[in-house]
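Kindly generate the complete structure, drawing on both the sequences and the hints.
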Amino acid sequence: WEILPGLGGTNNEPPVMNEVIDYFKDSTLPVFVVFITDGGISKTRDIKEAIRRSANYPIFWKFVGLGGSNYGILEKLDTFSDRRVDNSNFFAIDNFATVKDEVLYEQLLGEFKDWLEQAKVAGIA
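Per the UniProt record's numbering, residue 1 is the first one in the sequence shown, and the count goes up by one each step.
Everything hinted at is true.
What follows is a list of derived Cβ distance ranges for each label pair: (1) ALA97 to THR28: 34 to 40 Å; (2) ASN12 to ARG83: 21 to 27 Å; (3) VAL121 to PHE32: 15 to 21 Å; (4) SER69 to LYS25: 29 to 35 Å; (5) ARG53 to THR98: 34 to 40 Å; (6) PHE112 to PRO15: 22 to 28 Å; (7) PRO15 to ASN95: 28 to 34 Å; (8) ASN56 to LYS113: 16 to 22 Å; (9) LEU108 to GLY39: 15 to 21 Å; (10) LYS120 to SER81: 18 to 24 Å; (11) ASN95 to VAL121: 35 to 41 Å; (12) SER42 to GLY123: 30 to 36 Å; (13) GLY72 to GLY123: 30 to 36 Å; (14) LEU104 to THR28: 27 to 33 Å.
In case anyone wonders, no lab produced these hints; they're calculated from the structure.
Since this is a predicted model, take the numbers as computed values, not measurements.
Virtual Cβ for every residue (Gly too), placed ideally from N, Cα, C.
Shown next as structure tokens:
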């Protein structure tokens, strides 16, 4: 099963994440970033550092795994303890064609609401 033919190659999330952080760090509005991956996550230390750094800004990361494997650190995002607020979440979809709209909507936005409340209390958003 293939979502989009021709996708693939190696992953290098940290440079993109750092560009997002640098672009939105002065935002006065909350930023919701959806990062879609098919797995193969290997830059654990750099991803953790980007997530920790971005916790000081109004940026929330939603990582979505589509039909892949080896999501690595993304499956452990809720265990990070040394950041101001929990500013990230991950969920995997094994078969995108069978996901109901309501379930997808809840998976995408469920934890964002909690982050937004925490970020407001912390003076981030």
